[in-house]
Amino acid sequence: MSARKVAIIAEAEQGKTNSATLDLAALTARLAENECVEVRWLVVGSNAADAGTELSRGTGYPAVALEIPREASITGELLVEVLHPFLMDMRPDVIALLHTSRSQDLVAALALALDAACITGVQSLVMQGDAPVFRRAVLGGKWMAGIQADDRPLVLAVLPGYFKFEKVGRTSAVMETQRPSLPVTRTRLIEVKESVTEAALTQAATVVAAGRGIGSENNIDLLSRLAALFPKSAVAGSRIVCDGEWLPYHRQVGVTGAMVAPELYLACGISGAIQHLAGMSGSRFVVAINSDPHAAIFNAADVGVVEDLNTFLPLLIEAIEKTGTDTDEHGLR
Amino acid sequence: MTFPDTPSQSPADIDWAGTAWQMSRYDEYAVEVALQLRETYGASRIDAITVGDENAGEVLRRAIGMGVDHGVRVQQSFDMFPSPFTIGGLLAAYAREKTYDLILCGVMSDDLMQGLVGSIIAGLLRWPSLTSVHTVDYRETSGVLRCEREVEGGRQEVLEVGLPTLLTIQSGIQAPRYPALSKLLRANQYPLEVLPAASLATPMGRQRVCAITPPERLRAGVMIEGTAESKARQLAKLLATKGLC
Chain A
0 MSARKVAIIA EAEQGKTNSA TLDLAALTAR LAENECVEVR WLVVGSNAAD AGTELSRGTG
60 YPAVALEIPR EASITGELLV EVLHPFLMDM RPDVIALLHT SRSQDLVAAL ALALDAACIT
120 GVQSLVMQGD APVFRRAVLG GKWMAGIQAD DRPLVLAVLP GYFKFEKVGR TSAVMETQRP
180 SLPVTRTRLI EVKESVTEAA LTQAATVVAA GRGIGSENNI DLLSRLAALF PKSAVAGSRI
240 VCDGEWLPYH RQVGVTGAMV APELYLACGI SGAIQHLAGM SGSRFVVAIN SDPHAAIFNA
300 ADVGVVEDLN TFLPLLIEAI EKTGTDTDEH GLR
Chain U
0 MTFPDTPSQS PADIDWAGTA WQMSRYDEYA VEVALQLRET YGASRIDAIT VGDENAGEVL
60 RRAIGMGVDH GVRVQQSFDM FPSPFTIGGL LAAYAREKTY DLILCGVMSD DLMQGLVGSI
120 IAGLLRWPSL TSVHTVDYRE TSGVLRCERE VEGGRQEVLE VGLPTLLTIQ SGIQAPRYPA
180 LSKLLRANQY PLEVLPAASL ATPMGRQRVC AITPPERLRA GVMIEGTAES KARQLAKLLA
240 TKGLC
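Just so you know, the protein sequences line up as chains A and U, in that order. As numbered in numbering that gives the first Met the number 0, residues 0 to 332 make up the first sequence, in order. As numbered in numbering that gives the first Met the number 0, residues 0 to 244 make up the second sequence, in order.
Please keep in mind that the hints were generated in silico from the structure rather than gathered at the bench. Just to be clear, a hint being listed does not mean it is correct.
Claimed, not checked - Reference listing, derived: stretches of chain U covered by chain A, where coverage requires no fewer than 3 residues with Cβ under 8 Å from a Cβ of chain A:
#1 68-75
#2 92-99
#3 120-131
#4 157-166
#5 213-219
To be verified - Under the rule of at most 20 Å between Cα atoms (straight-line distance), these lysine to aspartate or glutamate pairs were calculated in the DMTMM-like manner:
#6 U:LYS182 <-> U:ASP78
#7 U:LYS236 <-> A:ASP22
#8 U:LYS241 <-> A:GLU37
#9 A:LYS166 <-> A:ASP22
#10 A:LYS166 <-> A:GLU37
#11 A:LYS192 <-> U:ASP46
#12 A:LYS141 <-> U:ASP110
#13 A:LYS4 <-> A:GLU175
Heads up, the beta-carbon is just placed ideally off N, CA and C, and yes, glycines get one too.
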């Protein structure tokens, strides 16, 4: 594959982009190493020019800002319609964008418009000779699939947090701002409800998190008892636990829930789906307890225990209580 | 396809043919949404359509057991990791000949997890679509669907779209119903419709899975060994040493 032209798409909201947007340049720089003649940011959204200036300065790539008024009903369909003429004009060999809930509405439409291949959830890139192979999690994160595109344009949805771009000093921004006329869309954004995530969760020093592997709702009590042994702690859950109403949605950790970065993350019965890992990867120390020795969570843990939670958690609670007592006694002596 | 040799659990060692095939979890939610829309807003016909070999018939029987009217399987020979462009292309070609008002897909499959087939179908049909929807409500007066979905950071978007449309369904509070045994038995007798592969031109895959490897280690993953009691003591001690409890 020859990447002669690369378009990186960024979505702006009031001049801000997802913090991982700049990192897309790390992937495209690797793809473009020898053959590239043109890399360009296409920044679309409200105050896109502000965001475009930042991205262009940080990377040295020129940016085109496609301004959409904030009050417009911004849906995936609208973004595709606005981007379409620019992409048809530029005819990029590679389009890169972040893999987010919002971008899932765009990627297939962009690929079909450009007769391109489309690889989502990209986590890493390995070269097989001249051909790039994009790796992504499959089968609940237990395995990685390497995917190769045919010789045709390629749309890449890149998982936030897996590539890191080293800023190239501060170059001056090369910016062009356009105000495209807004098409009539069949999808309409009615309302955005703000997150209900509790500060207690995002600010907790210890998060005890429940996954499907805890087996039953009754075991939430066990997790609460465990959490109570740690200062500034909170009980959280994976999406499936919140779907089952074992915990309220404002206790959900993951892409569509809270992003947490506590000192200690105790993952109990969590399988380690990529969407969950994205929400807790910033934790300082991760302990995983799961009865499945092949659970993907063990790859994302500092320390792992293979045990049934029903039997293990009471033992752990007892051991921690005892450790605390021992320390006190030791202190008295 | 090349599989690396790993000490354990290499997919090369897995006999896919012996696997118990079942419906992806998100597809179960999609079937549930379809059934609930019908229960709330009245009569309509619900077809379940899949692409695959005989094993994929199980998915249709499950859907029929849940309450779907009819099952269609587009015959394709076994491929553990088919291209979403092939599957989406075949499903779009089938749907183009029908007059569906609404197509529902799971937000992603449990195995490949790419989340592309639904949007590809919609794109090929030139229908509007919304992804990751967990709540759907039909507005009878305006004839539109009001959908709610989660976006990054736990925010909820409320969107409206007219028919025909395609939605990909994320899991939500309404757990998919479990089919009654009597319904499953009846589903086993139901004559599924099978379309030979040759009846629809197989679309270009555009891309292929060329390797399956174990995931990269993101952290050390040191396993604590011993009896359950010993593991509990070791872990408690480790947390205390690190000043974490």
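ask   = With a Cβ-Cβ cutoff of 8 Å, does the region 92-99 of chain U contain at least three residues near chain A?
value = violated (count 0)
task = For the pair supplied as a hint, LYS236 of chain U and ASP22 of chain A, confirm whether the alpha-carbon distance does not exceed 20 Å.
result = It is violated: about 39 Å lies between the C-alpha atoms, which goes past 20 Å.
Given hint GLU175 of chain A paired with LYS4 of chain A - CA-CA distance at most 20 Å = holds (18 Å)
message = Can you confirm whether the C-alpha distance between LYS182 of chain U and ASP78 of chain U stays at or below 20 Å?
response = Not OK: LYS182 of chain U and ASP78 of chain U at ~30 Å, beyond 20 Å, violated.
task = Mind taking a look at whether chain A covers the region 120-131 of chain U? Criterion is 3 or more residues with CB to CB distance under 8 Å.
result = Coverage by chain A holds for the region 120-131 of chain U (8 residues, Cβ < 8 Å).
message = Just to be careful, I want the Cα atoms of LYS166 of chain A and GLU37 of chain A compared with a cutoff of 20 Å; is the pair within it?
response = Judged against 20 Å, a Cα distance of about 18 Å means the pair holds.
message = For the region 157-166 of chain U, count the residues whose Cβ lies under 8 Å from any Cβ of chain A; is that count three or more?
response = Our answer is that it holds, as 6 residues pass the Cβ test (under 8 Å) against chain A, meeting three.
query = Given the proposed pairing of LYS166 of chain A with ASP22 of chain A, does the C-alpha separation stay at or below 20 Å?
reply = Within the cut-off at roughly 9 Å; holds.
task = Report holds or violated for chain A covering the region 213-219 of chain U, Cβ cut-off 8 Å, minimum 3 residues.
result = The restraint on the region 213-219 of chain U holds, since 7 of its residues have a Cβ under 8 Å from chain A and three suffice.
ask   = Are at least 3 residues of the region 68-75 of chain U within less than 8 Å of chain A when you compare beta carbons?
value = violated (count 0)
message = Checking one constraint from the list: CA of LYS192 of chain A to CA of ASP46 of chain U, max 20 Å. Satisfied?
response = violated (34 Å)
query = Between LYS241 of chain U and GLU37 of chain A, does the CA-CA distance stay at or below 20 Å?
reply = violated (50 Å)
Of the hints listed earlier, those the structure fails to meet are numbers 1, 2, 6, 7, 8 and 11, in rising order.
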